[in-house]
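Protein sequence lines correspond, in order, to chains P and Y.
In terms of the working numbering, the first sequence is residues 3 to 476.
In terms of the working numbering, the second sequence is residues 3 to 476.
What you were told as hints is all true, and nothing was included just to trick you.
Note: identical chains are not told apart, hence a pair may lie in one copy or across any two.
Distance condition first, Cα-Cα at most 25 Å in a straight line; then the derived SDA-like pairs of lysine to any residue:
1) Lys398 - Pro180
2) Lys332 - Glu292
3) Lys330 - Thr181
4) Lys256 - His56
None of these hints come from the bench; they were simulated from the model.
There are 2 protein chains.
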Amino acid sequence: MINLKFYSILPDTMRKKFLIVALLLSSFVNIAAFAQAPADSLMIRKIYDEALSHGAGYTWLRYLSEEIGGRLSGSPQAAAAVEWSRQVMDSLGLDSVYLQQVMVPHWMRGKKEVGKIISAGHLATKEVGLCALGGSVATPKNGITAAVVEVQNFQELRSLGRNTVAGKIVFFNRPMDPTLINTFSAYAGAVNQRGAGVVEAAKLGAVAVIVRSMSLFSEDYAHTGGLRYAPDVREIPGAAISTNHADMLSSLLKREPDTRFFLEMHCRNLPEVISYNVIGELRGTTNPEEIIAIGGHLDSWDIGDGAHDDGAGCVQSIEVLRIFQQLKIKPKRTIRVVMFMNEENGLRGGLQYALKAKENQENHIVAIESDAGGFSPRGFGIDASDDKIRRIKEWKPLFLPYGIYQIGKGGGGADISPLRDEKIALIGLMPDSQRYFTLHHAETDTFDKVNKRELELGAAAMTSLVYLFSIHGL
Amino acid sequence: MINLKFYSILPDTMRKKFLIVALLLSSFVNIAAFAQAPADSLMIRKIYDEALSHGAGYTWLRYLSEEIGGRLSGSPQAAAAVEWSRQVMDSLGLDSVYLQQVMVPHWMRGKKEVGKIISAGHLATKEVGLCALGGSVATPKNGITAAVVEVQNFQELRSLGRNTVAGKIVFFNRPMDPTLINTFSAYAGAVNQRGAGVVEAAKLGAVAVIVRSMSLFSEDYAHTGGLRYAPDVREIPGAAISTNHADMLSSLLKREPDTRFFLEMHCRNLPEVISYNVIGELRGTTNPEEIIAIGGHLDSWDIGDGAHDDGAGCVQSIEVLRIFQQLKIKPKRTIRVVMFMNEENGLRGGLQYALKAKENQENHIVAIESDAGGFSPRGFGIDASDDKIRRIKEWKPLFLPYGIYQIGKGGGGADISPLRDEKIALIGLMPDSQRYFTLHHAETDTFDKVNKRELELGAAAMTSLVYLFSIHGL
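Isolated chain P (complex conformation):
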C-alpha cells in the first residue's frame, strides 16, 4: 500500500490551522459553546499530542500485566496491584492519594482443572480446554463423571424435566450471536448461561454444569467469569469449555448420546479479606465540591494477565491525571481517579465507593469508566437524563476529528453503576468491540494484545472529556 492521499478525508493535515476552529464553530449552536469551542478544541489537540507523544500508560500496563499479572480479589497479586497503583499515583504530585478499605470475596482456583470427553463408542477420552467459573465450588476430589445433557437455554432445560436432568452434567451450548455488530450485545445474549446456569441445572438435580465459553471465535481456550448461587439451591460445580471443544462435544453427543464427561476442579471459597480501592485526587480550583470520578477496576481474573480487562482502563484513568499535571491544567472541579477493587466477582469496590460518597454527602456530577478493552475508541455511552445527554452530545464536533463519533445513550460501567441517581451522568468509554471476546476472561488477555496507540487514544479521549467537564461542569 503506497497511495499517499488515501486517507485525506481526515483532518490531520490541517490540524494546526484555523480552519478547524472555523469548522468547529460552525457546528456549535449555542452562544456559550460558540465562545468556548476554539479554546476547547486547542486544548483537546494538546491533550492528544501529549498522550500520543509521551503517553505513560503503555509502560505502566506492561508492569501491571507482566510483573504483577492476574490479580483476583484477595490474592497477593491484587495486594501488589493496590500498592503499585498507589505508588504510581503518588509519583504524579496530586493533591491526595489514599486507600479506601473494602472487604472482598476470596475465591481460589487451586490446582488446574481437568475436563475430558469420554466417548462411549470409542472407549477413548479427549481432554478439553476447560476452567472453573469464578465462585464455583469444587468437584469431589476425584472428579465427577456423568452423562451429558446439552441445552441451548433455560426453557429447553426445564422442558426436559427432572427425570432427564437429574444425575447428569448440563451442557449449556448457546453461542454468542455472530450477526450482532456490537459484540457486547452478543455477550449479553449468552451470558445468563454462565451466571445462572448452575442454579437452573441444580434445581432439576444436575450434578454439574459446563458452559460454552463466551467467545465469538473458534478456539481451544476456555473463558472464565463469575457464576452466582442462590439460597436454598444446591451448589454444584460450574465450568467453561472452549468453543472448539463445545462444538466437538455437541457433535459427538448427536452421534453418541451416551457420551460422558469428566470434570475435576479444586477451587475454594475462602473467608473474605480486607482490600482497597485506590484513589488519587486533583482538587478543583473554583468548584471543588463538584466531583468528576473516573476509573477502571484493578482486579482481574486469574488465568490471564488482565491486560485489557481491565488493566487498560486503570492506566488510561491514571493517564488522565498525568496529562492534567504535565500540561499544568488546573481543573475547576475535583477530578478523582478510582482504581476499583473486585469488579469481577463481587463489585464490592464500586458498592463501597458509592456508599462512602453518600455518607460523605459528596456531589458527583459525572463518573466515567473504561472497562471494555484498550482498543481504538469509537464513542461514549451515557446513562443520564435526556437533557444531560443532549448537552454532552453538543461536544461531539470536538471529538469527531479523533474518530469518536458515537456519543449518546448507553451504559457507564459496572463499578460506577452504584453511583446512579437522578443527578449524575454515568459514562462508559466505548472502544471498538470486535477483538474483545477473543481474550475476555481468558489466558489470552495478555499485554502483547494491547496496541500502544489504541490505548493512548482511549486515554486521550477520556482526558478530553474530563477536561470539558472540569471547565464547563454539567
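Guided by the hints, dock chain Y onto chain P, whose structure is given.
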C-alpha cells in the same frame, strides 16, 4: 467486565424491527431514496448476517498467507497466488473468470541482508534489524563500511553539501509523526525518505542509504517498501533499519560522531516476467455495460506473509462475489473483481487493467479497493466529483448501524488510480488505521494479526456498497 447494558447505544437489539426502517426513512431526504431505503436496509442486514455467519474470507486468507506466503511480483509464490485465486473464483459459479496478462518487474532479495553498527569508542559491533528496500541494487559482495551522516530530510541533507556527504552512508531518521490520528497521514509525511532517499543521497556522492523504518512503534523489525532510482543518478544501495536500532544509532552518533555502519545486501533486479491480473465477473442483468470494479492486490512483499497487505483486500473482494451468489442477488450492473498484480513495486497490474479498459471502451462507473489492512472498517474515502460524493453520502444512514461513519472525500487506492477520469468514482475502504504500521511491509504481517470479524465486517461493508451501486448505479 460484566455490565450488560454497556453498549445499548447501538441498534443491534432492534435490528429486525420496523423501528430501524423508520429511522432510516427519517434520514432520507429525496423521494427515490425514501422509497428504496427499507429494501436496501433489509438487504444490507442480510449481507452482514451472511458475512458474519458464513464468511469464507478468513479461511481463504489463511491459505494465501500461510500456504502460499509472501508473493512478490515475479516469484513462484506470486504465480501460485494467481492460480489459487483463479481456482477460488472459479468455484463460485461466476459468469466468467479469466487472466489478464501483464509484464512485471522481478526483484529478488537474495541472501539475508546484514547491517551492523560499528562503535568507534567501544570497538564493538551491534547487528541491527535491517532489510533491503525493494528495487535496491546490492552492495559489493563483501558489503560497504562507511561513516554515517544522519539527517531528518532532504533540505538538511543538501545543506550539508557534497563535502560532508560524499563517501558516507546517509541515515534518514525522520520519524512518522505520532500525533497524527490517521496513521496514513503520518506515513505520507515520512515515506519520501524511503522512496527518494537514494537519489537525493547519491547526488551528493553518498555510497548507501539507510532509512528509519516506516513504523510508529518501538520495535526491532525492519519494514521494507519500494525505492525509486532516477536516470543519470548513480544507483546506490538502500535499506530500512528498525525503529529501535535507528534510535540506538542516532544516540550513538551524538556521542561518537565517527561511528560507522556496515551494510551487506545481495538483492538483484532480474529481467521482467509475465504475470497476470486475475478477474472474476458477474454480468449485470439490465445494464451489463456499466462496470463496478472491486479489488485488492495479489502481490505482497517477500518478508512477511502479506496477510493484511493485501491478502485481506483480496479475500474481501472475492467474498463480495461469494455473498452475491449465496444470497442469489442478481446485479443489474456488472461486478468485476480484480486481483491486481504488482502493486508493491510497479503498479503494472493497475496500469494494464486501466489500459485494457480504455482499449475496450469499457464504462466503469465505480472502482472500489481494499488496501489498508483487514481491520475494523470505519468508512469509505471517495475520489469523485462533488456531486457524486454527495449522492454516495446519502447512503450513510444505511451504514451507520454497522460502524461505518466516515463517507466522504478521500482517495481510492493505488491499483484503481489509473482508471481515474471525470466520470468514475474511485473508492477506498477505510479500516481503523492504528495497528497497520506495526506490520506494514514487515515480517510481522502474518495471518495471526487478522481478526476474523474485523475482516468480515470489511467484506460486508464492501458488499453492501457494491450492492447499492449494482441496484442504483451512480
